[in-house]
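Asks: Line by line, the protein sequences give chains X, R, S, Z and F. Here the first sequence is numbered in our numbering, starting from 1 and rising by one per residue. Here the second sequence is numbered in our numbering, starting from 259 and rising by one per residue. Here the third sequence is numbered in our numbering, starting from 623 and rising by one per residue. Here the fourth sequence is numbered in our numbering, starting from 1032 and rising by one per residue. Here the fifth sequence is numbered in our numbering, starting from 1191 and rising by one per residue.
Derived by calculation from the structure, the hints in this document are not laboratory data. These numbers come from a predicted model, not from an experiment. Ideal Cβ positions, reconstructed from N, Cα and C, are used throughout, including at glycine. A portion of the hints provided could be inaccurate.
Unchecked claim - Below, computed lysine-lysine pairings styled on DSBU-like, alpha-carbon distance capped at 30 Å:
#, chain 1, residue 1, chain 2, residue 2
1, Z, LYS1073, R, LYS486
2, X, LYS182, X, LYS77
3, X, LYS31, R, LYS599
4, R, LYS599, S, LYS826
5, S, LYS736, X, LYS31
6, R, LYS435, S, LYS700
7, Z, LYS1073, Z, LYS1035
8, S, LYS826, R, LYS282
9, S, LYS733, F, LYS1390
10, S, LYS735, X, LYS26
11, X, LYS31, R, LYS524
12, S, LYS700, F, LYS1390
13, S, LYS700, X, LYS22
14, S, LYS735, F, LYS1395
15, X, LYS26, S, LYS736
16, S, LYS766, R, LYS282
17, X, LYS77, X, LYS151
18, F, LYS1324, R, LYS282
19, S, LYS999, X, LYS18
20, Z, LYS1059, Z, LYS1035
21, R, LYS599, S, LYS998
22, X, LYS31, R, LYS435
23, S, LYS826, R, LYS280
24, R, LYS602, S, LYS826
25, S, LYS766, F, LYS1324
26, F, LYS1326, S, LYS826
27, X, LYS22, R, LYS425
28, R, LYS431, X, LYS26
As the list claims (entries may be wrong) - Residues from chain X that face chain R, not an exhaustive set, calculated with beta carbons under 10 Å:
#, residue
29, MET17
30, LYS18
31, VAL19
32, GLN23
33, THR47
34, TYR48
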Amino acid sequence: MSEKSELGIMDIFVNPMKVTMKQFFKSTFGKPTTVMYPLERRDPPPTYRGMNAVIWDLCIGCGICAEVCPNRCLKMKPVELSDDEQDRAWYGSHLAKRKHKPERPAINFGHCMFCGFCEDYCPTGAMTMTDFYELADTNREGLIYPARSMKVDLEDLPQLPLTNYMMESPVLDVDPCIGCSKCVDNCPTNCIIMDVGPQDKTLKSGKVRNVENPYFDYTICIGCSTCVKVCPADCLHMEPISNSSSSGLTTEESPTEA
Amino acid sequence: MAEMWISMGPQHPMTHGLWTLKVKVDGETITDADPELGYLHRSVEKMGERRKYFMNTTLTDRLCYASSTTWTHNYVLTVEELMNVEVPERAKYIRTIMLELQRLASHLMWAGAYMPDLGHITGALYFWRDRELFLNLLEVPSGSRLLYNYIRIGGVKRDLPDGFVEKTERVFKLFEKRLDEYADLFENSKIFRMRTEDVGNFTAAQAQNLGITGPNMRGCGTKFDLRKNDPYEIYEEIDWAIQTREAGPGYSDCFSRYMVRIDEMKESIRIIRDCFKKMPKGPTLASAIPVRAQGEAFRRTEDSRGEALMYVVGDGTDRPYRWKIKSPMFTTISACPHYLKGYKLADIPAIMGSIDICIGETDK
Amino acid sequence: MTLFDACRIMAEWTVKVLIPVFEFQEGLFPPFSNPAGWVADWLATEGGLDTMAWFYAVNIAFMIGMTNLILVIHLERKVAARIQDRRGPMLSFRSLRELGEDLSGQAPSWKFKKNYSGIGILQNLADGIKAITKELIVPAKADKFLFTMGPIIFISSSVFLLALFPLSDRFAASSAPAGLMVIMAAFSIAPIGVLTSGWASNNKYSMIGGMRSAAQLMSYEIPLLLSMAGVFLLAGSFDPVVIVEQQQASTWFFGLPMWNFIPQFIGFAVFMICILAEVERVPFDLPEAEAELVEGWTTEYSGIRYMLFLAAEYIRGFAGAAVATILFLGGWAGPWPVPPEIWFLLKVYLILLFWIFIRWSVPRIRTDQILVLGWKKLLPLSLINLLIVIFMVEIYPYFTEIVNLPEVF
Amino acid sequence: MEIKELMQELSALKGVSNASMIRDNVVKLDIDKNSSKEFFTKLRDDFGFEHCSLITAIDNQPEFELVYHFTSVNKSVTVGSTDMSVMMEAHVFLERDTPTIESISDLWGGANWHEREAFDLMGIYFVGHPDLRRVLLPEGFAGHPLRKDYVYEIHEEEW
Amino acid sequence: MSSKKVRGNPGLRRGVGSKTTDLDEIMEDPPAGDWLTLRSDQLLEWIDNAVYNVAETTGMREVVNRVTRPIFNYGQRFSPHPLHFGIMCCAIEMGQASAPDHDIDRLGLVYRSSPRQCDVLIVNGPVCEKLRPKLKTLYEQMPEPKWVIAMGECAISGGPYWDSYSVVAGADTFIPVDVYIPGCPVRPEALMHGFLTLQKKIREKEPGMFLRR
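So here's chain X without its partners, still in its complex pose:
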């Protein structure tokens, strides 16, 4: 760095103009760095987080994307699946068993902040983010993208294992369970089965009989907490993965519900 005394009166304009002159000739006889947007465009990198797209064949409608969305911009909306779509769905067999309509994410881009959590936490890799960013519209209704408008079809689907990114899994508190099997009906990955409970129970009416309890297959549980939400008896709660036992059934050691 040069000290004060080195600068003479001519450095008012001589030194700076050296730089600007050089740049002027460089960009006049060369090519300026400008990327002229409407004419040409620079492609974002493949990791770019633009508008979302959902690979319906992979989506199981678990609702984790809606769960992790900090903006609540993503909602699960019931959709009608055509027979073809039903057949192609990777988890079609599970869908057939579910009593209510299948759900797919719809996004209000007036709220979305493109944080990418929905993409990262999607257990099947159905939620993707494209590099499309020209979403400007003249009214706010135009920013709401219904579920079907985000559907994409891929030729060769990635075969992804179901992963529990939520780091939590449901744990049963046996006592209040009434054996309604709603959790089984709603589980998006079919990881719950109903089986004979550990011991007989005395019902309110006074009868004593064995109530069927849900058993969890934690290897394919994705921690979406759908079962917890639908449970009418509040007998399920989420626990961090390390706390829940791998055998599937918890009995007395549930700490909070006792």
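Given chain X's structure and the hints, the job is docking chains R, S, Z and F onto it.
Replies: Frame of chain X; chains R, S, Z and F shown alone:
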């Protein structure tokens, strides 16, 4: 002309954000100042109490729009201390690389915003052109230009892509050449010196007491950098030096703050090059990441603007009980009457620009 | 043949057409159309012809000024863009097709890409049209009379400048013997407009801008005129034609022309700095310092008023460069095959280009620094320059008469 | 300087309890509310903590907790091979009915706005503060939003 | 989409219904005593109304509009000058859009610092309760015709700050917004796309300049 109060802001080219500076002027000389904040108070701390730990990285990204990674990193570091998460070695290196790239982008943002304050539009566009290089670099692994959401609790989102090292090296070579070229445009330009030298002075003791940290404090000659004095990630193992300005013609004024930041940019390049050399292979995300936390923790890091400190209290649930952010600019702006008094009206942009204001983090 | 002679011929033709028209009108409704007859009579006189000729001359000068204005603005935007490694405005002539579609009522075609691939000179047109359509706001607490008068003073005095300087000895709308004095007087009117509009806006930024303009006027006007005084002394006249002829006549080694910037280099430097301050360009654009005074004294002006301010500043810049050319760069003097008018414009554009480079290369100077510069540095320098010229013009020739000295000057 | 010595010296002061070391360069202690000003004055003048990093107010329902973080810029301890700057974390507990404490803005200029912020968002009153106004929220805002009992309406758009 | 909150009135901006067009009321002579105290602006308004009515009745308005509308529209849509006003992250991208790599000057956009000289107000961040009156003032200070672009999620709906106690749920709750650009932050290219969208809207919707009401 009698003394009068002039209110600058919230819409004013000088403010670099959204705040009001009321100055009392006697003719053109400033006799008093009264900064006013709060136009961008988004209640991040309260909202953080409603969100899960991992979701809060979106809020910390948006704390400071010029330097988002450093804030996310600070939060993640605090929460990791709270949850006792062990971060893989490679993730630490990647974090350091991202932090330094972010520091480069942030300092370039500052330099670009500072030049129009002095009436030098070309300088701004030159610096922004270079910033674009670093934004493109940061975009590649993270997937976004400004708000990366790349550093996660327990590591980083994904590994660096192939060819990143070579691309970075190309950018560095170009940038270093340009930075040497710019010396003629700025520090060797007489008018630039006239505008920045002996303007906005404060001493080191004043800075420490008033809570002015970071490059502004190092501009007064204090050798204090949290990357050295309270090391985190892998700054201990990297070969680098704290950049300060000792006594000389540009001492503790706007020019010294400018030079400190320019030198820091060169130092950041050195850090990143060293990181690339020493980076091991391995995973980039810890395998088991807890979701709940109990207790309290705080960590401080060297943000691009000074000492950033976060204090998180957890009560055993998956959401923080209390989350407090210390912004370096908050105290620096509060001290502005001390270093504005006595200077001219035209010096206000030169002084307030030189301390690198970011209202996003200040108003929280 | 001078510009005035050409206009005189055009006026004669016009009068030949116009007089029958007025005479025909006179006969239509006798009591009411008598004034038409008076006009016809007046046009037939010498005074009428001269007035008509002046009308043409002034209009031609105005149109040349306005064409140059658009070119200067476009040059500035494009050169600035190239200095900053970008492309500048790119609105293409193809965009006029959209206008045609709208006018003829065709269905619009949406081809945004083709609108932005041209040279961008239409951008100035679009800016101008838009400015006309904008609402004219007068702030509620403003002094309405002065608020409207400010732009009128500023713009009229700037446009007035266009009529005052000659493009060559034959191409001039006016040829006053005191020409340059009138130009400088017209230059000095504008700060009054600035001060007026700054004060009337009832805005603190505007007022400080106006005050700065006044302070700047005080500091640069005296060195400016003193540096010009050297040229006047050398030529012995205020007339631009005489000044340029004097420069053409004086030669240097090998018969090279000795334009005034060679013997009076100090004066030239002082003049260039001062005229830069006079036309308020970076680094001396303190009255509209964007960083601290939002838009300076134009803060409260909207629409066409603001656009005219902007245009008037460029006209002043153009006029300032023209004055510099006349005084120091030999005016329209140049080798033969290129017409003198083109030589003049070439020199003017060279100076303008230099100013554009200065503008986009250096930061803005501070108020107190320009006062120091004006009073402590430029004023002594211009006095030294004046002493040198006095030595050249008066003392040295006096000694050459009594002592045998080579005739240098 | 040894960090343990510092801890012992600090814990010998009036009103200090529960001194502990939470990291190699950080001392944590509780202070009695009434002797806080005396303690802070000594901290600045005798122990060389010239920089007030942060003042945090926590609503611990029912009582309030104030957490002060101080940094020593010039003093450092050697941990391993690095010189780490010394920090201190001080906890003060305030009752909910009378959340007042003496201001330290005359000791550290940087504490001025931290105290204003604590007043603004949590409603802690700092006695002796020169200019205790709201800093982030507009004048006339009702309540202190970071308190746990502050309720506000969240407008969630339906679509 | 149904929202509980009342949105900005679309008629607010064009001043629809604010001025009466009743012929009798306009053409009515001023009271006799007022002739002496008639102020020039009243006179101008009276002339303006009279000219408007004449133009309306003779069909001249249609003719003039037919010619002036495309010409003025041309100027308006190719030279939108935005206000140099930054709130948060998107303001950085707005600044970056004028950087050499994107060069928003190509589209004729010049940032002006004074609201008096602007056509477009870009709301580029969350609008807090403290800022709202100031932003409203800024909008009102801009001369007609003017447009508003809500840039980024915070300005469209509050975005990440939807559950904050101090952030307004979108800029369109208090000023009429013309173009919404989603993105967080909006890329400079997306901002340019937003301006092209605005251009399209101006070309389709903007009435001619002559007697605009």
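Asks: Check each numbered hint from earlier against the structure, then list the numbers of those it violates in ascending order.
Replies: Of the numbered hints given earlier, the structure breaks just one, which is hint 3.
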